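I would like the entire structure built from these sequences, with the hints used as guidance.
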Amino acid sequence: MKDLISKKGIYIAVAAVAVAIAAALSVALSGGHAGFAAMLSEPFFKPVKSAMTSLAGSLEHIYGYMYRYDELEEENASLRSRIAELEQEYREYTEISEENARLRSLLGFVERHEELKLEPVSVISWTASNFSSSFTISKGSSSGIELYDPIITEDGYLVGQVTSVTASSCTVTTVVDTTSRVGALIYETGETGVASGDFELFQDGTLRLSYIAELEDVLIGDTVVTSGSGGVFPSGLVIGKITGMSVGASGLDPYAIVEPSADIDDCAHLYVITDFAVSE
Amino acid sequence: MRERSRVLIKLLILAPYLAVLYILQSTLLTHLPIFGTTPMIMPLAVCGVALFLGRVDGGVTGLFAGMLMDLACNQATIHFTLVLTLTGLLVGILSDTVLVQGFPSYLLTAAAALAVCSASQVFALAVLRGAPIALLSGIAVRQTLSSLIFTFPFYYISRFLCRVM
Numbered sequence: 009m010k011d012l013i014s015k016k017g018i019y020i021a022v023a024a025v026a027v028a029i030a031a032a033l034s035v036a037l038s039g040g041h042a043g044f045a046a047m048l049s050e051p052f053f054k055p056v057k058s059a060m061t062s063l064a065g066s067l068e069h070i071y072g073y074m075y076r077y078d079e080l081e082e083e084n085a086s087l088r089s090r091i092a093e094l095e096q097e098y099r100e101y102t103e104i105s106e107e108n109a110r111l112r113s114l115l116g117f118v119e120r121h122e123e124l125k126l127e128p129v130s131v132i133s134w135t136a137s138n139f140s141s142s143f144t145i146s147k148g149s150s151s152g153i154e155l156y157d158p159i160i161t162e163d164g165y166l167v168g169q170v171t172s173v174t175a176s177s178c179t180v181t182t183v184v185d186t187t188s189r190v191g192a193l194i195y196e197t198g199e200t201g202v203a204s205g206d207f208e209l210f211q212d213g214t215l216r217l218s219y220i221a222e223l224e225d226v227l228i229g230d231t232v233v234t235s236g237s238g239g240v241f242p243s244g245l246v247i248g249k250i251t252g253m254s255v256g257a258s259g260l261d262p263y264a265i266v267e268p269s270a271d272i273d274d275c276a277h278l279y280v281i282t283d284f285a286v287s288e
Numbered sequence: 154m155r156e157r158s159r160v161l162i163k164l165l166i167l168a169p170y171l172a173v174l175y176i177l178q179s180t181l182l183t184h185l186p187i188f189g190t191t192p193m194i195m196p197l198a199v200c201g202v203a204l205f206l207g208r209v210d211g212g213v214t215g216l217f218a219g220m221l222m223d224l225a226c227n228q229a230t231i232h233f234t235l236v237l238t239l240t241g242l243l244v245g246i247l248s249d250t251v252l253v254q255g256f257p258s259y260l261l262t263a264a265a266a267l268a269v270c271s272a273s274q275v276f277a278l279a280v281l282r283g284a285p286i287a288l289l290s291g292i293a294v295r296q297t298l299s300s301l302i303f304t305f306p307f308y309y310i311s312r313f314l315c316r317v318m
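Residue numbers (this note's numbering), protein chains in the order written: chain A, 9 to 288; chain B, 154 to 318.
Hint data in this document are derived by calculation from the structure and do not stem from the laboratory. Fair warning: this is a prediction, and the values are worked out from it, not measured in the lab. Ideal Cβ placement from N, Cα and C applies to all residues, glycine included. The reader is advised that the hints may include incorrect statements.
[As the list claims (entries may be wrong)] Partner residues are not named here, just some residues of chain A that face chain B (Cβ under 7 Å, in silico):
{"#": "1", "residue": "S133"}
{"#": "2", "residue": "W134"}
{"#": "3", "residue": "A136"}
{"#": "4", "residue": "S137"}
{"#": "5", "residue": "N138"}
{"#": "6", "residue": "F139"}
{"#": "7", "residue": "S142"}
{"#": "8", "residue": "T179"}
{"#": "9", "residue": "F207"}
[Claimed, not checked] Computed footprint of chain A on chain B, listed as stretches where at least three residues anywhere in the stretch have a Cβ under 8 Å from a Cβ of chain A:
{"#": "10", "region": "180-192"}
{"#": "11", "region": "214-227"}
{"#": "12", "region": "281-289"}
[As the list claims (entries may be wrong)] Non-contacting residues of chain A with respect to chain B, defined by C-beta distances greater than 10 Å in every case (computed):
{"#": "13", "residue": "A24"}
{"#": "14", "residue": "P55"}
{"#": "15", "residue": "L63"}
{"#": "16", "residue": "G65"}
{"#": "17", "residue": "S86"}
{"#": "18", "residue": "E100"}
{"#": "19", "residue": "S130"}
{"#": "20", "residue": "E154"}
{"#": "21", "residue": "E199"}
{"#": "22", "residue": "E224"}
{"#": "23", "residue": "D225"}
{"#": "24", "residue": "I265"}
{"#": "25", "residue": "E267"}
{"#": "26", "residue": "T282"}
{"#": "27", "residue": "F284"}
In structure tokens form, the structure reads like this:
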């Protein structure tokens, strides 16, 4: 039995060597192309090899993931922290950029109006009433703000005036409120009038310019500025532009409709004119 | 002693409640107009307290809610102080006598209170400043309707708070 096994073993070994030599010869003679054995074995082994390669790849990936988990977690935390830093920097940059634009605009306005003394303020809250237009600002008499001081935007557009003062806050009534009255003139023609809030125009956010002597000279698009008469407002502050003409209910009082240049509903940072040179 | 502690509990609950409503009324709601108007939530709170707690608590809540409403409207007058105090008292009396403490009663009293508040604003402007009533009525109606949207949550908030008290 032992001899038989050893003989069989020898036969098998010889057969294996013969197959190997045949395979080698077929490869050598085929000039680089796949040999006969490979052609025979390929259809059987290819799917298995593909599957194994894929499995090995997955295992390698898992292994690599496990091996580098701590490292990746650390890198992830570091990147998250960096993103948060960059987001914060971006927010700060945006705020600074907006503030810069406001201050540049103000600087231009202040250079043109050196006679004005300005106090920067922020809007705290708006009135809850649907029948008036007013808001509360962040500074009061302790910052030198007084009753009837005018409020402007950084561009110098008139927003309204202070109508109530406490030590730390003020109530501002806007130019579209029905109690507002401002001495005005049309910049292009020099015609004077009174810009006032109106119940009819209030909901549209516009105001009326009344008591104009030569209404036929007024054109749509003309600029309305403060006249400075009365000494409450400095002269030359832009109130708005004329957008139309109308006549009152009596039919005897024609007036121009003025759209404020200041974005009254959306103002957040404003300036109170605490002092100015009165022009007579 | 027990009555005193009950008053203290009411004070501890109603004061922060009104403070929160005042902040909401003067900040958030002014930025979120409905039908082009800012809703009024103070009358809803007054009606809720008056309906569930009666005339005394309703009147007192109306007094403070009215003062806060006048503050929120940036007006020095005592318009809402008067109107909401009377509203609280009246709804409280109705609750003590004829009204059932349920949502239909609350909706009815809240709608009436809001309509009275809006009408009183229009009336005051018409009398004192000669404002055209027809023009302001549209705003008043929209204001009332926009405020009525909040009746449902306010009913449950009021009911919950009054049960705690």
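The hints, checked one at a time:
no. : hint    : in the structure
1   : S133    : holds, 5 Å
2   : W134    : holds, 4 Å
3   : A136    : holds, 4 Å
4   : S137    : holds, 4 Å
5   : N138    : holds, 4 Å
6   : F139    : holds, 6 Å
7   : S142    : holds, 5 Å
8   : T179    : holds, 5 Å
9   : F207    : holds, 5 Å
10  : 180-192 : holds (count 7)
11  : 214-227 : holds (count 4)
12  : 281-289 : holds (count 5)
13  : A24     : holds, 87 Å
14  : P55     : holds, 64 Å
15  : L63     : holds, 59 Å
16  : G65     : holds, 56 Å
17  : S86     : holds, 39 Å
18  : E100    : holds, 25 Å
19  : S130    : holds, 13 Å
20  : E154    : holds, 17 Å
21  : E199    : holds, 27 Å
22  : E224    : holds, 28 Å
23  : D225    : holds, 30 Å
24  : I265    : holds, 16 Å
25  : E267    : holds, 18 Å
26  : T282    : holds, 21 Å
27  : F284    : holds, 25 Å
In this structure, none of the earlier numbered hints is contradicted; all agree with it.
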